[in-house]
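Peer 1: Spelled out, the chains give:
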Amino acid sequence: MDSHKGVLVCGEIAEGQLAPITIELLGVGRKLADELGEELSALIMGSKTGGLGQEAIAYGADNVYVAEDSLLDDYNSDAYTQVAANLCKKVLPSIMLLGHTDIGCDLAPRLNGRLGGGLAMESMALSIDPATKLLVSTRPVFGGNAHATMLSKSARPQMATVRAKTVPSAGRDDSRQGKVIPVEDKIDPSAIKVKVVDRIKEEVEGVRLEDAEVVVAGGRGMGSAQDFGMLRALANVLGGAVGATRVACDEGWAPVTLQVGQSGKVVSPKLYIAVGLSGAMAHIAGCLGSKHIVAINKDKEANIFNVAHFGIVADHKEILPTLTAKFKELLSK
Amino acid sequence: MNTIVCVKQVLDPEIPPAKFKIDAEAKQVIPPPGVPPVISVYDERAVEAACRLKDKHKGKITVISMGSEKAADVVKHTISMGADEGFVLSDESFANLDSFGTAYVLGKAIQKIGEYDLILCGRQAADWGAGQVGSILAELLAIPVVTLACDIEAVDKNLRIKRIVNDGFEVLEAPMPSLVTVSSEIGLPRLPAGMRLMMARKKQIPVWTAQDIGAEASQLGKDNAHTEITSLTVPTRKTECEIITGPTPSEAAVNLALKLNELI
Numbered sequence: 001m002d003s004h005k006g007v008l009v010c011g012e013i014a015e016g017q018l019a020p021i022t023i024e025l026l027g028v029g030r031k032l033a034d035e036l037g038e039e040l041s042a043l044i045m046g047s048k049t050g051g052l053g054q055e056a057i058a059y060g061a062d063n064v065y066v067a068e069d070s071l072l073d074d075y076n077s078d079a080y081t082q083v084a085a086n087l088c089k090k091v092l093p094s095i096m097l098l099g100h101t102d103i104g105c106d107l108a109p110r111l112n113g114r115l116g117g118g119l120a121m122e123s124m125a126l127s128i129d130p131a132t133k134l135l136v137s138t139r140p141v142f143g144g145n146a147h148a149t150m151l152s153k154s155a156r157p158q159m160a161t162v163r164a165k166t167v168p169s170a171g172r173d174d175s176r177q178g179k180v181i182p183v184e185d186k187i188d189p190s191a192i193k194v195k196v197v198d199r200i201k202e203e204v205e206g207v208r209l210e211d212a213e214v215v216v217a218g219g220r221g222m223g224s225a226q227d228f229g230m231l232r233a234l235a236n237v238l239g240g241a242v243g244a245t246r247v248a249c250d251e252g253w254a255p256v257t258l259q260v261g262q263s264g265k266v267v268s269p270k271l272y273i274a275v276g277l278s279g280a281m282a283h284i285a286g287c288l289g290s291k292h293i294v295a296i297n298k299d300k301e302a303n304i305f306n307v308a309h310f311g312i313v314a315d316h317k318e319i320l321p322t323l324t325a326k327f328k329e330l331l332s333k
Numbered sequence: 334m335n336t337i338v339c340v341k342q343v344l345d346p347e348i349p350p351a352k353f354k355i356d357a358e359a360k361q362v363i364p365p366p367g368v369p370p371v372i373s374v375y376d377e378r379a380v381e382a383a384c385r386l387k388d389k390h391k392g393k394i395t396v397i398s399m400g401s402e403k404a405a406d407v408v409k410h411t412i413s414m415g416a417d418e419g420f421v422l423s424d425e426s427f428a429n430l431d432s433f434g435t436a437y438v439l440g441k442a443i444q445k446i447g448e449y450d451l452i453l454c455g456r457q458a459a460d461w462g463a464g465q466v467g468s469i470l471a472e473l474l475a476i477p478v479v480t481l482a483c484d485i486e487a488v489d490k491n492l493r494i495k496r497i498v499n500d501g502f503e504v505l506e507a508p509m510p511s512l513v514t515v516s517s518e519i520g521l522p523r524l525p526a527g528m529r530l531m532m533a534r535k536k537q538i539p540v541w542t543a544q545d546i547g548a549e550a551s552q553l554g555k556d557n558a559h560t561e562i563t564s565l566t567v568p569t570r571k572t573e574c575e576i577i578t579g580p581t582p583s584e585a586a587v588n589l590a591l592k593l594n595e596l597i
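In the order they appear, the protein sequences are chains A and B. My numbering puts the first residue of the first sequence at 1, with every later residue one more than the last. My numbering puts the first residue of the second sequence at 334, with every later residue one more than the last.
Incorrect hints may appear among the rest.
Stated by the list, open to error - Distance condition first, Cα-Cα at most 25 Å in a straight line; then the derived DSS-like pairs of lysine-lysine: (1) Lys270/A - Lys165/A; (2) Lys536/B - Lys490/B; (3) Lys195/A - Lys555/B; (4) Lys5/A - Lys179/A; (5) Lys153/A - Lys592/B; (6) Lys165/A - Lys193/A; (7) Lys328/A - Lys195/A; (8) Lys441/B - Lys333/A; (9) Lys360/B - Lys133/A; (10) Lys555/B - Lys387/B; (11) Lys352/B - Lys298/A; (12) Lys592/B - Lys193/A; (13) Lys389/B - Lys195/A; (14) Lys270/A - Lys360/B; (15) Lys300/A - Lys536/B; (16) Lys193/A - Lys490/B; (17) Lys48/A - Lys179/A; (18) Lys490/B - Lys360/B.
FYI, nobody ran anything at the bench for these hints, they're computed from the structure. Predicted model only: the values in this text are computed from it and were never measured.
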């Protein structure tokens with residue numbers, strides 16, 4: 001156990017750059033490493049990683065392991081697991097951090113299964129216990145109704161996937177010094193059992209839900225697909241995205257890709273406008289990280305008013321058209 | 334095609350927040366009286382995926398559920414949906430296992446069942462939501478794994494799986510046997526049909542203990558846990574909701590726009 005040292009961040013590349021989540025992980029990873037008095041390392045896997053090692057150093061890494069191989073061009077679970085597991089067996093990190101993304105959600109549990117570590121998925125807060133020096137992770141359980149803290153006494157690495165936008169990004173400092181270390185091991189192609197045969201990008205109208213700074217979401221109370229159009233109009237004016245509850249998706253008013261909540265997407269925009277939705281815990285779990293929550297509901301007893309910062313008690317039909325028009329006027333100035 | 338589906342019985346996630354109570358000392362949730370536990374949402378979708386494959390390719394669906402003996406209820410539910418056979422894995426030593434312990438027990442039961450082409454799990458449980466049992470299980474069984482599936486087809490001797498990614502989906506080809514974790518995007522689960530419902534009710538669901546599946550106590554002890562929960566809390570949300578009003582709803586809407594405009 002004592003042979004395991006340091007923090008390793010498993011990086012992601014998005015459009016040739018370090019993904020925003022990776023910069024956030026480097027931020028929190030640096031903090032944890034400093035508290036332990038140990039080094040922060042990063043692993044970057046891809047087919048073209050030019051310059052990204054240096055980038056990771058600027059964002060706080062002491063060492064950056066770079067695995068460059070055409071087999072790592074896009075995410076392939078078998079290839080990435082192999083490279084990351086082999087590196088972990090060599091480097092023996094005490095802590096390993098991944099993003100709670102579609103890559104991290106696949107890679108982290110597999111790596112954990114292979115390495116025999118201890119993993120907390122979807123961590124919202126990470127700290128070092130001052131007495132034991134163990135990693136303590138806090139994560140939502142029971143659809144966000146409760147928070148659990150967990151740790152691994154002896155299993156290594158202590159792993160966590162971290163939700164986007166829950167920890168501050170690392171500051172950039174181009175004068176930082178560090179080592180870029182190429183990963184020499186070749187990938188064993190025979191261990192790649194699952195092949196990616198196609199990637200299909202879904203065209204979204206406007207901003208992506210997860211990236212939006214404003215989300216306008218509706219639920220059962222919207223009553224129809226037509227009224228969902230009113231949400232779209234407001235979202236368009238605000239440069240935001242539309243979200244929906246599970247009921248609204250089941251009704252077919254919105255595609256399931258727009259579902260916010262425990263079984264959908266977790267969003268943390270600056271502004272979350274919840275319209276005609278009661279605020280079931282399973283839904284709230286997906287939007288609690290929003291900076292400002294606004295509720296528009298005709299039922300003043302609805303749970304959504306317990307989590308909202310601002311509210312209007314009225315039928316959405318009486319509010320949305322004027323709200324949209326007023327924003328249009330204000331934002332055009 | 335032989336499919337094994339792993340399902341979990343959980344506290345109904347749709348209960349109103351007011352009914353949600355915990356025992357902070359025991360780090361457990363207190364089940365609200367009168368609310369029956371349900372099959373975990375994603376696991377039900379996994380059963381649906383298995384049923385769709387059986388509709389097309391015939392074969393057998395075997396369901397296993399680790400939990401109390403009451404888990405027989407969710408196994409019966411899956412049989413009413415279309416599963417053929419089910420087992421409950423219940424033993425004192427299975428209580429409060431972490432993800433590794435759970436995967437170990439499921440793996441032992443699967444080895445006892447024997448032949449399979451596909452193992453399905455929900456992407457995560459609706460209660461503790463660890464989101465890793467499927468992947469650890471696949472690693473323990475040394476079979477390929479595909480996570481977050483929204484569609485599974487059998488094509489020749491392979492599986493063709495659509496996997497959800499943030500900007501769309503990937504199409505993957507996996508050999509059999511593989512383990513696949515299923516996401517809710519696969520679509521709504523079928524409603525049990527009348528005849529099957531009757532049959533499921535009468536079905537005997539055998540209970541397998543640690544001894545039955547050859548699970549070793551040394552793998553299940555607290556000392557062997559990879560993770561431990563150190564606290565469980567209900568977050569206090571002290572949100573003061575400022576109700577925006579006006580002489581008419583329209584004017585309230587204008588006031589809200591003015592207020593929010595200062596914030597964004």
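Peer 1: If a hint holds in the structure, say so; if it does not, say that too.
Peer 2: Going through the hints against the structure:
Pair hint Lys270/A plus Lys165/A holds up; C-alpha atoms about 11 Å apart against a cutoff of 25 Å. For a cut-off of 25 Å, the pair hint linking Lys536/B to Lys490/B is broken: about 32 Å separates their Cα positions. Between Lys195/A and Lys555/B the CA atoms are separated by roughly 38 Å; this puts the pair beyond 25 Å, and the hint is violated. With a C-alpha separation of about 17 Å, the suggested pairing of Lys5/A with Lys179/A holds against the 25 Å cut-off.
The straight-line distance between the Cα atoms of Lys153/A and Lys592/B is roughly 49 Å, outside the 25 Å bound, and the hint therefore fails. About 34 Å separates the Cα atoms of Lys165/A and Lys193/A, which puts this hinted pair outside 25 Å; it is violated. A threshold of 25 Å between alpha carbons decides the hint, and for Lys328/A with Lys195/A the separation of about 48 Å lies outside it, so the pair is violated. This hinted pair does not check out: Lys441/B and Lys333/A have alpha carbons roughly 67 Å apart, beyond 25 Å.
Taking the CA atoms of Lys360/B and Lys133/A, the gap is about 23 Å. The hint holds against a cut of 25 Å. The suggested pairing of Lys555/B with Lys387/B is violated, with an alpha-carbon distance near 39 Å, which exceeds 25 Å. With a C-alpha separation of about 23 Å, the suggested pairing of Lys352/B with Lys298/A holds against the 25 Å cut-off. With a CA separation close to 55 Å, the supplied pair Lys592/B and Lys193/A exceeds the 25 Å bound.
In summary, the hint linking Lys389/B to Lys195/A is supported, as the alpha carbons are separated by about 24 Å, within the 25 Å threshold. Pair hint Lys270/A plus Lys360/B does not hold up; C-alpha atoms about 33 Å apart against a cutoff of 25 Å. With a C-alpha separation of about 47 Å, the suggested pairing of Lys300/A with Lys536/B is violated against the 25 Å cut-off. Between Lys193/A and Lys490/B, the direct Cα distance comes to roughly 13 Å. Compliance with the 25 Å bound is thereby established for this hinted pair.
Taking the CA atoms of Lys48/A and Lys179/A, the gap is about 18 Å. The hint holds against a cut of 25 Å. Between the alpha carbons of Lys490/B and Lys360/B the distance comes to roughly 45 Å, so the proposed pair goes past 25 Å and is violated.
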